[in-house]
Structure formats: C-alpha cells, structure tokens
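Asker: Heads up: the protein sequence lines correspond to chains A and B, in order. Just so we're aligned: 94 in this note's numbering is position 94 of the first sequence, and the numbers increase by one with no gaps anywhere. Just so we're aligned: 110 in this note's numbering is position 110 of the second sequence, and the numbers increase by one with no gaps anywhere.
Hints were generated in silico from the structure; no laboratory data involved. The beta-carbon is built from N, C-alpha and C at its ideal position, and this holds for glycine as well. Where hints are given, some of them may not hold.
[Unchecked claim] Distance windows between CB atoms, simulated:
no. : chain 1 : residue 1 : chain 2 : residue 2 : range
1   : B       : Asn28     : A       : Glu57     : 15 to 21 Å
2   : B       : Arg80     : A       : Ser20     : 17 to 23 Å
3   : B       : Glu68     : A       : Ile18     : 45 to 51 Å
4   : B       : Tyr50     : A       : Arg60     : 17 to 23 Å
5   : A       : Lys2      : B       : Asn28     : 34 to 40 Å
6   : B       : Asp97     : A       : Lys56     : 17 to 23 Å
7   : A       : Asn22     : B       : His10     : 19 to 25 Å
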Amino acid sequence: QKEVEQDPGPLSVPEGAIVSLNCTYSNSAFQYFMWYRQYSRKGPELLMYTYSSGNKEDGRFTAQVDKSSKYISLFIRDSQPSDSATYLCAMSLNSGGYQKVTFGTGTKLQVIP
Amino acid sequence: EPEVTQTPSHQVTQMGQEVILRCVPISNHLYFYWYRQILGQKVEFLVSFYNNEISEKSEIFDDQFSVERPDGSNFTLKIRSTKLEDSAMYFCASNTDRSNYGYTFGSGTRLTVV
C-alpha cells in the first residue's frame, strides 16, 4: 500500500462549483497535513496546513483531516478559473528532528469559465 | 515576497554527461532541500542539507548525486553521469527551521537527458 494515495484526476468543473479533493494515507505517524498548489511549470506553493483532526478554513478553502480514517480533504468554494492547477496533498512526520514530507501524486483541476 | 530561484529553467544533456543544477535559497533560510518530479509522478524527496552537510537523503540519492553550498548564497545539485531516467523536474526548497514543514519551493529545473 502506498503511503499517500491521491486520485490524479483530471477533475473538470464549471466556474462557481464546489471542488472536493481527497487523499488517504497509511502511516499513522504523520503529524502535519498540507495542501500545495502547483501551476504548470512552477514549483509547489503551500496553500494550507493542519495539525489535528477537524476543519480549517481560509477564505474559499477548507482543509479537513480525519486521523481516525486516515483521510484528508481540501474543499474549494466558488471555484474560479484561476484555481486551475494541480493540487498536491502532503504529509510530514518527525524524522531525526526534521519534518520529512511525503507528497501525493497530485490532482489536476480545471475550472471552466 | 522572497523567493527561491533556480537556474537554468530547462537543461538538455546527453546521457553520461555531468549536470549541475543551481539554486539560490531565501537569504535567511538555513535548511535546504532537493526534490524531483518525474513527469506524471509525485514529488519525491532527494536530500536535505543543513550547516554544510547532508542531514538526510533518500534511496534515490545515490553516489551519482552530490550537493554543495559553494558560497553563501548558492545551493547546487550535481548529477555525475546522467541516465535517461534522471529526466525530471528538479525542485529546490528552503525553510527557516527544520521543524517547519512549510517549505518555499523554487520554480524548478526541467532536466531532459537524451
């Protein structure tokens, strides 16, 4: 079983739709849960991070973590064409004092005007 | 906003040649990383670097790879004898604190080995 699993998509939605992106993981030692956004030919950009189970909201974005189910989600409300990108989930654990980050494969999102 | 700068943006090299990928991390950052992303695959950890030495490396980071901070600003990844399977996007990242999971990534270097 892969440590982090993410549906690669592509996911195509109309502008204004609510988008749900998901990842599952197998390693219960993961401590931090992150979502990165990656535009074409650019490096990943940190969008949101969470530490505990529950929801965290930032504008149109909500990150949700369910540690008991080993499942994380990112919701995007009122999606915009500028949200079109690849979304990477990432998780980290303490390895020798360092946070070691493991990425999902990324879900490609296209928001159609 | 401070950013991590990588050069070149695209490098084409022949199999067996040496390549050096360059990165300028954010100036007050102390921890540096290289990740790679093969087309269509996930971002994979290669190596972390602090205080002029490697702190951790993955199985991918074999003897063909090396990293260096030759001066106070650059951080380089060298691949000694490139293979076709080294073709990928290589991302440099940095952060201020080793316990800080929020890396700042550069835009990457696309390496194509022919």
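Asker: Just pull the numbers of the violated hints for me, sorted ascending.
Answerer: Numbers 1, 2, 4 and 7, in rising order.
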